[in-house]
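Assembly of the complex is requested from the two constituent chains, each provided in isolation within its own frame, with the hints serving as guidance.
Each chain is listed here by its residues.
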Amino acid sequence: MTMIANEGAQEMRPRSELSARELFREVGAVLRMSEAEASALGDLPEDPEDDQTMVINMGPQHPSTHGVLRLMLELQGETVLRCKPIIGYLHTGMEKTAEQLTFMQGGTNVTRMDYLSPLNNELVFSLATEKLLGIDGDIPERAVWMRMLLSELNRMSSHLLFMATNGMDLGAVSMMIYGWREREEVLRFFQKVTGLRMNHNFIRPGGLAADLPAGWRDDVLRLLDMLPDRLEEYDVLMTGQPIWRERLQGVGVITPTEALALGATGPILRSTGVEWDLRRDMPYLHYDEVEFDVVVGTYGDAFDRYAIRLNEIRESMRIVRQILDRMPSGDYRIQDKKVTPPPRARIDESMEALIHHFKIFTEGFRVPEGEVYVGIESPRGEIGCYIASDGSPTPYRMHMRAPSFVNIQCLPHMMRGGLVADAVAVISSVDPVLGEVDR
Amino acid sequence: MSAEVTTDGTEMSEDEVTLLHGCPLVDSRGQQVLFVSRDRYLEVLRLLTDEGFAMCVDLTAVDYSRFMTRELPDGVTAERFEVVVNLLDISARRRLRIRVQVPENDPSVPSLFDLHPGTEAMEREVFDMFGIAFSDHPDPSRILMPEDWIGHPLRKDYETGSIPVQFKGAPS
Chain A
431 MTMIANEGAQ EMRPRSELSA RELFREVGAV LRMSEAEASA LGDLPEDPED DQTMVINMGP
491 QHPSTHGVLR LMLELQGETV LRCKPIIGYL HTGMEKTAEQ LTFMQGGTNV TRMDYLSPLN
551 NELVFSLATE KLLGIDGDIP ERAVWMRMLL SELNRMSSHL LFMATNGMDL GAVSMMIYGW
611 REREEVLRFF QKVTGLRMNH NFIRPGGLAA DLPAGWRDDV LRLLDMLPDR LEEYDVLMTG
671 QPIWRERLQG VGVITPTEAL ALGATGPILR STGVEWDLRR DMPYLHYDEV EFDVVVGTYG
731 DAFDRYAIRL NEIRESMRIV RQILDRMPSG DYRIQDKKVT PPPRARIDES MEALIHHFKI
791 FTEGFRVPEG EVYVGIESPR GEIGCYIASD GSPTPYRMHM RAPSFVNIQC LPHMMRGGLV
851 ADAVAVISSV DPVLGEVDR
Chain B
894 MSAEVTTDGT EMSEDEVTLL HGCPLVDSRG QQVLFVSRDR YLEVLRLLTD EGFAMCVDLT
954 AVDYSRFMTR ELPDGVTAER FEVVVNLLDI SARRRLRIRV QVPENDPSVP SLFDLHPGTE
1014 AMEREVFDMF GIAFSDHPDP SRILMPEDWI GHPLRKDYET GSIPVQFKGA PS
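Chains as they are written, first to last, in this note's numbering: chain A, 431 to 869; chain B, 894 to 1065.
Next comes chain B alone, as it looks inside the complex (with noise of 0.2 Å):
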């Protein structure tokens, strides 16, 4: 297959898209990126965390909803939501990122509770900004908004608030 030109002017040929655990990892801008399906998010993380990534620094979304003509490697297919765990392997001193594909009309992902028990305040955080249930957390509840509050502020049709300002002297 030709190699096709990415707009930062690198070359990507599909040569460079290699496997791990069955899951296309792709190195970009020099960091590792692994997508993984949500079928098996809970069993590639229990893989990767046997392999030294023990521990998970990060976990967050992001509403593709304005933008899914993003560059993704073969076999993935684009939804609007996207969570990306960044994991952290302390001896070998090396990082990897998950990217799971999550669709609108199903916005579930198991929890990662049961094996980073650090992600629960994180998913708490995902599931108030967009939406997004984690299966199985402990404590499935909004954590920055108010509990009673409605929609989901990090969705890109959530829109931001005005304050109309009237100025003084100014006709009605």
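Chain A extracted, bound-state conformation (with noise of 0.2 Å):
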């Protein structure tokens, strides 16, 4: 077999050593630069006393870096020149291990990747089988009002850990202290629901695992109540504070250009201006019968993006409300016995029962022959399900786009020319999941 790509190296070497086209590509391509911008891009000092540059590598054990994250940065003082993002390091071969799971084990293996908003791959993964099996219209309502409920406050517990971790990257500790304690309120919903606090294999092919437990309306109701309150508190502690601004505004600016070209979604695209929220411009669900605002930025910075996931928060919460009311009563799983195991009580009295039962966690359903691709609006932007399948129970293949993966592309735009001290204000304000990134 040919090989015409030699597998290169992966690090980022010193301008010194590059050509100017090679220059040129890495940034010409997006910014959509004039020639002349170009070339003088290309125009190292003469004299190479002048041209005293740094390669550093930030990571890959950086506490700040939400993960296992390398940058190669290459600074001229204190300004970053360029940086290259080096990832793999938690890569654990999922979208093989894909391969290997039944659709009814796929859950536990998609709910891995962002392990932050677990209950949004879930859903993607069982959207994408849903499609494939050909009974995505079949889905009880209530079942489709729950899954609307998790991943709402998934959103919001998301989100809420950005403002922890977000808090954390630029000195603001007790902020950290605050979002923790919040999400954590919403996991310990999640773990009455789901029985787990992460990674909870709840939202399956066919509808979600169990009813919503007794009592599930007033923890709402309380999550609700409490909320808004602590959500003024983090306006008073960062959003209005000098210093908060200062570390944030202007810096990391992406332009709706960039965005676009590099495939950034979520509020790293809304940041910019532009309104594209999958929730509202691509409705799955019953997101098209509630009401909420889709929250874009202007600027396309650090404090945009973190104004945006602060906002987001309480338009979940809007989301939430009309939940409650709209909740009906029902199933909450498709009585398809394709794809759905039956009660317990049945397995003591019907052979047929346990023996369907049986054949339904050994060999797992059978999925039609065909391809899909499922996109919904995670908190951190499109992720999106594509299953092969060869009409056997496994993904013939399964891919996650994942949306870390494609906005921490988005890492070298926005620190050119910033401050080397800004770095980390502009990886936190991405908000990346490593486990997302590198699958």
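Since the hints were derived computationally from the structure, they do not count as laboratory data.
Fair warning: there could be bad hints in the mix.
Stated by the list, open to error - Covered by chain A, per the in silico footprint, the following chain B stretches (three or more residues, Cβ under 8 Å):
id: 1; segment: 977-984
id: 2; segment: 1011-1020
id: 3; segment: 1028-1037
To be verified - In silico EDC-like cross-links for lysine to aspartate or glutamate, where the CA-CA straight-line distance does not exceed 16 Å:
id: 4; chain 1: B; residue 1: 1049; chain 2: A; residue 2: 820
id: 5; chain 1: A; residue 1: 526; chain 2: B; residue 2: 1052
id: 6; chain 1: A; residue 1: 514; chain 2: B; residue 2: 1032
id: 7; chain 1: A; residue 1: 767; chain 2: A; residue 2: 745
id: 8; chain 1: A; residue 1: 526; chain 2: B; residue 2: 1050
We put the beta carbon where it would ideally sit given N, CA and C, even for glycine.
Here it is, written out as structure tokens:
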């Protein structure tokens, strides 16, 4: 077999070793620079003494990088000239693993990718499987609304954690404690519903694993009553603070053209003023039946991304209130013998039910041939699931379009020309989850 | 021609296969899929970009070596690899999926970098996982696996590893 590309080194070389064309390709294609600007970029100072740059590594064990991210930075003094994220330190071959697991078991795998919004991962995997099965229109109403409830609460818990880490990264350490405290309240609800704080495997192809427990409504209401005051507190602590604003405003700026060209989605794209939210623009579940606003920014800087996430918590609370009003009664999973195991009580009295139960959990259910892509709005952007099926009970190929993986490619553009002290603020504002980046 | 029944029971007559830029456009479970040949890949993607599909959301690949019997429209020859590109048109709120057949003996595709710079990392991932080379890619290196890794893990002939388990007291 012939190989055209050689497997080159992953590391970044100092710019003095690169040709002008290579440097231009790094930025030119994205920034749509003029020829003159691009050629100026390649003009290094004649005297090598004037081109004193330093390539340093940030990570791969930096506590502020939300996982094992390594950045190679080329610095001139304190200015970041170039930056390259080097990833793969958490790669565990989850897409390969998915080919070994049945569609029934797949949820346990995908839920561990973006471990801060596990329910959204399960949701997109389930939606893709259901589309392949052709049952995407038959999911019971209650299951759909329950999925929306969990998805929105998950968005809140994820953004609350962002508030905590963003605060911590910028030195507002008390904010870290507050953010974790509020997130824990949401996770407590998840624990009551799913049995686990994280990695729930609760949303499954065909519906959900169980119904909502008794008293769930009071728990959600308690959460909704508690959070607004706490969010006000965040505003006092951070939003209005001059130090906070100084650290974030005008830092890590990205333009709409750049964001679209780089495929960035979620709060990064919205911070540039592009109104794009899959919940509104390509509605799934029943998002077209609830009222909410898509929060957008203006400047595309780190402060906009912070403010968007803070206000998205408020929008999610608005959606959750509407879900509470509209939650119908009924079944929490589809009564399709093909995908739904029989109820526990039936197994004791019916041989067929026992066999059926055994078959579903050992062999899994067969999914028709075909391929499908489903994308939903996770807290970090568009999370997409591409499944190709060959008609067997395991996916022939399962690919996750991870929002963090794409968003992290914006880092070099956000950091260019910035200060090294702002690097952490920029990473933090992208809110990457490295479990999802590396999969 | 007679209509053939696919495995999911839906009827798919050949009349449904329409052409877009000379490439077969298929409706697959309500999603638009365009089968583009490798020679016309860049040209068609450039045309689609001008038509509004300005955002490349995803680029991935599938190794179909164990499933060569998959359903493809007339005129498309099944090859071992398929590169799958998901395009998004933000203003018209529509998606389009591109499937490109890539033969086993020459696994290479032109890079989309100059058109959609966001595919840079995705193409590196496909190269890393499938060994499909993207010509004219600015940084053709592995992205997830270590740079001295041998083999491409998501190929179907790359076996999953196993660690021999030694049970205590078991006869050796």
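Hint check results:
no., hint, result
1, 977-984, "holds (count 3)"
2, 1011-1020, "holds (count 7)"
3, 1028-1037, "holds (count 9)"
4, 1049/B - 820/A, "holds (13 Å)"
5, 526/A - 1052/B, "holds (10 Å)"
6, 514/A - 1032/B, "holds (11 Å)"
7, 767/A - 745/A, "violated (38 Å)"
8, 526/A - 1050/B, "holds (12 Å)"
Taken one by one, the earlier hints fail for this structure only at number 7.
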